[in-house]
Amino acid sequence: MKTFPRGGVHPPENKKASGFSIEVLPLPKSVCIHLSQHLGAPAEPLVAKGDTVKAGQLIAKSTGFVSANIHSPVSGTVQKIEPAPDSSGYKRPAIFIEVQGDEWLETIDRSPNLIKSPDLTSEEIIARVGQMGIVGLGGATFPSHVKITVPKGKKAEILIINGVECEPYLTSDHRLMLEKGEEILVGTQLLMKALRVNQAVIGIERNKPDAISHLTRLCARYPGIRVEALKVKYPQGGEKQLIKAITGREVPSGRLPIDVGAVVYNVGTAFAVYEAITKNKPLFERIVTVTGKSMERTANYLVRIGTPVTELIEATGGMPEDTGKVINGGPMMGKALPLLDVPVTKGTSGIVLMPVAESNRRTTMNCIRCSRCNSVCAMGLEPYFLMSLGEAKRWDDMEQERVMDCMECGSCSYTCPSGRPLLDYIRLGKNSVNRIIRSRSK
Amino acid sequence: MNTVVITIISLSVIGGLSGFILFLIAQKFKVFEDPRIDDVEAVLPGANCGGCGYPGCRGFAENCVKAESLDTLFCPVGGNDGMVKVAEALGKVAATKDPTVAVIRCSGSPDHRTRTTRYDSAATCEIASGLFSGDTACSYGCLGLGDCVVVCTFDAIHMNPVTLLPEVIDEKCTSCGACVKACPKTIIELRKKSKKDRKIFVSCVNQDKGAVAKKACSVACIGCKACVKECQFDAITIANFLAYIDPVKCTLCRKCMAVCPTDSILEINFPPRKVTEVESVVSEIQAN
Amino acid sequence: MSATNLLTVSYSPHQFGSESVQKIMYRVLIAMVPAFTVSLIFFGLGALVVTGIAVVSCMAFEYLINRFMFKAGSTLWDGSAAVTGVLLAFNVPSNLPVWMIIIGSLVAIGIAKMSFGGLGKNPFNPALVGRVFLLISFPVQMTSWPKAIESRLAYLDATTGATPLAILKEGIKNGQPLSDLMKEVPGYAQMFLGNMGGSLGEISALALIIGGLYLIFKKVITWHIPGSILATVVLFTGILWMIDPGKYADPLFHLLAGGIMLGAIFMATDMVTSPMTPVGQIIFGAGIGLITCLIRIFGSYPEGVSFAILIMNAFVPLIDKYAKPKRFGEELKNG
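Protein chains in written order, with the working numbering: chain R, 1 to 442; chain A, 1 to 288; chain D, 1 to 335.
Every clue listed holds true.
Only part of the chain A face toward chain R is listed, based on derived beta-carbon distances under 10 Å:
{"no.": "1", "residue": "Arg118"}
{"no.": "2", "residue": "Ser121"}
{"no.": "3", "residue": "Ala122"}
{"no.": "4", "residue": "Glu126"}
{"no.": "5", "residue": "Ile127"}
{"no.": "6", "residue": "Asp135"}
{"no.": "7", "residue": "Asp208"}
Straight-line distance between alpha carbons at most 25 Å, and here's what the computed SDA-like set of lysine to any residue pairs gives:
{"no.": "8", "chain 1": "R", "residue 1": "Lys393", "chain 2": "A", "residue 2": "Lys181"}
{"no.": "9", "chain 1": "R", "residue 1": "Lys91", "chain 2": "A", "residue 2": "Thr186"}
{"no.": "10", "chain 1": "R", "residue 1": "Lys16", "chain 2": "D", "residue 2": "Gly17"}
{"no.": "11", "chain 1": "D", "residue 1": "Lys23", "chain 2": "R", "residue 2": "Gly419"}
{"no.": "12", "chain 1": "R", "residue 1": "Lys442", "chain 2": "A", "residue 2": "Lys181"}
{"no.": "13", "chain 1": "R", "residue 1": "Lys393", "chain 2": "A", "residue 2": "Val151"}
{"no.": "14", "chain 1": "D", "residue 1": "Lys121", "chain 2": "R", "residue 2": "Arg362"}
{"no.": "15", "chain 1": "R", "residue 1": "Lys2", "chain 2": "D", "residue 2": "Arg327"}
{"no.": "16", "chain 1": "D", "residue 1": "Lys326", "chain 2": "R", "residue 2": "Asp397"}
{"no.": "17", "chain 1": "D", "residue 1": "Lys71", "chain 2": "A", "residue 2": "Val151"}
{"no.": "18", "chain 1": "R", "residue 1": "Lys442", "chain 2": "A", "residue 2": "Tyr54"}
{"no.": "19", "chain 1": "A", "residue 1": "Lys209", "chain 2": "R", "residue 2": "Arg92"}
{"no.": "20", "chain 1": "A", "residue 1": "Lys185", "chain 2": "R", "residue 2": "Ala41"}
{"no.": "21", "chain 1": "A", "residue 1": "Lys215", "chain 2": "A", "residue 2": "His112"}
{"no.": "22", "chain 1": "R", "residue 1": "Lys442", "chain 2": "A", "residue 2": "Glu126"}
{"no.": "23", "chain 1": "R", "residue 1": "Lys91", "chain 2": "A", "residue 2": "Thr262"}
{"no.": "24", "chain 1": "D", "residue 1": "Lys147", "chain 2": "D", "residue 2": "Thr160"}
{"no.": "25", "chain 1": "R", "residue 1": "Lys393", "chain 2": "A", "residue 2": "Val180"}
{"no.": "26", "chain 1": "D", "residue 1": "Lys218", "chain 2": "D", "residue 2": "Leu76"}
Note that these hints are calculated values from the structure, not bench results.
We treat Cβ as the ideally placed atom computed from N, Cα and C, and that holds for glycine.
Full structure from sequences and hints, please.
Right under this line is the structure:
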């Protein structure tokens, strides 16, 4: 079974929520839409206080090539446009909308039936993807229209659809593959058309056998698309590891997947592309898993962007008494929330509630040079060394040691027997090196 | 006997030859250095703190010798007296600067500013501020993890374990600015020293709206402008719901303190106020 | 907000594996049980006393130094002092006087470990530093080897004999032919089981190999260091033996005699003092094997493993600097 050759860890899967089919979460009373739901420049608001909007209406427009449109997820009145805390607690500009009814733009097709791939040119597909505000739903939220625009001089050879979902606890992609499998394949076809490639591979980890068999059966009717079952190993879902496992090619340091002819999209993004092209529906809702060890009930909700996290937790039975940490995302790469009054964004794939017993870090000890961190690093870096350099503030040396290659998967900190905060210092190094690189280009 | 003599002679010859070769090489590759650099370095404090903006005292000395005038060069540790000595050594004129001292502009101790979360990562302010806005509802306030303490080479700043805020020892502070650069929240400011080390300043850097700031911390500046209206010397300005007292214009009259509703303005090193007769009667009545 | 607790905020990852320093140290202790059992069988009382004193004094010194010199908390719970104690005991003869063991422990823990900053900061293997210190300071006692089995109930007054390597070294110096000397040495089967003279822990290749396999199975060590040490020894001695079998002992003898097995499996694999990458570890092992053979065959000491390991420990920072792991996506050479 294919996998990536170096590094990786095996955290317990805890996929409690994989048996729960997608539920539509009731609409909240108001939504808070941050203007930066994507990598790149924040969007610019097009509405003002007092405006009425419909679901699907463009409320903020992209401010550059690497930026994305934002559409209203609800119908109602704009309450205010002011900074609101995001997952980090820092306040960022956001649009508040009071929800009234659930009226969508007339141009959106709300019917649930499958529509096969319409006949559009590559340019039309790319333009529509950009108009509809589609961003990478795997968590990175990279604007999708930028990724399918192949730069001059480079050629795309293969499209890879990421159905791996290697993070423990999260099951939103799994449920989407089971319940909207054919829609994902249509979306894949559209992306293949846009990229002008004739082969696509859907990578799925072996712990989702039902999704593998379901999609394999459906693929029989879609030439050029096939499913590849992958060994369960974290971080198989990282795009460089996925490309290596499926094609055997390694993306060179500092370069992009397109440099080895590959383009990677999450299954959720493929589904969003399907809806955007066939149903004229912009991206304003997504699947979010709500789960946790102490939770009696877990769920996979279809949530409108901007819904407060508190609503999701309430709908799943409330927060367990022994909750110590609430994570936006998965336990390996997610962000711990300092407050719960933050909204779901385009990048929120799950909310994991951790019990107090598992919320404390271990005591930090001296590095015993066991080199376990070296052996689990999927990028071939030396985390123990990067941490010592970070503590000594030797940013130039960190750059030499390829700290910018680090994808922050957390395998090193996960494995360290001395409980050292390896990733904290690596992140510090990456931020400092970023600052240095930016000041060099000025 | 012979071996001893041969050994002594051969080793002495090798030693002498090596020494001579080293002497030749040292002469050939000698770098000419202006002897005035040594003179200047001798009168500098030798702290190598980088407060002047140059790499160490030697670097500063080199720049003093190279520079046309000493107007832009200042060693905060040596201060004005130190620059006078440098000027004498070089026959140039030294610029004078008002002495400054580091001031911590946050009073958000746990009894004023409740902790809303528990931080559990590497214990440095730089790393914490990269992660989130802080473990209280004030996203501007001091994180209490001591990056400023670690970076001070003069032992002039220490963390108070009860208030979880740093405290500056004025006598030791040389105003080198290392703590200012180390603080990711820009809480520390180098303010002009006043006579008897007295200070009046707004001990807050919170830029949230008044109600939000006050909810997070009971001694936050809420931007109510009461101090601005009271000040007769135009020393106070408000921007982003935060007041700032200009140390140059301030005359230390303390009228602003009396009108501040949240006690956000601090007075340091003033003698305790003599309570007037009226005030003492009033407070007695209030107590009963 | 949760009813009773403040939410914790930390950087990812938010869950951790179950590895810990303690687990690693205890696994090493378990792996040393077979060798310790054999030493009790062959050396009896002496083995018990020496090991006991070494472990207790190592732990005591670490506790005292932490408490009174560093004024920090005790680090005994991580098990590393106990491991150093057992390894130090394994490297000395079973009739070593108590006060010498205590000095050895003081050097091993105090000088070789704590003075560098404690666990993880030392460049040299602490047990070996202690052992070499004792060897150089007390050469007579450190080279008087109790006879296996005969001296089981004795401690300080055990009857002594020479180790196989010492027999060879002395004999060759005196000009005796190799074939005569090999008759004085125990048979290979006996040497494999441990029925020969030597320090406490080095005698039984079988017991050590069992311990080594356990460590590899439990992923505490990998095959690279022991494999490259033993392979280098076999290669070097093999070549010499093939050139002149009348002058040089065969590779199997070299593997079974002396402390090479103990050194390869337990001493050189100490994670703190060995390189961080597999390639680096192979280079490290090759160096140890080479230096051991040079000392054994051409040097004045009969056994050279301890010195070889300490010398290669000094090279570890250099090895780490150049033997880096292969980065993902090594840059294309031509842009």
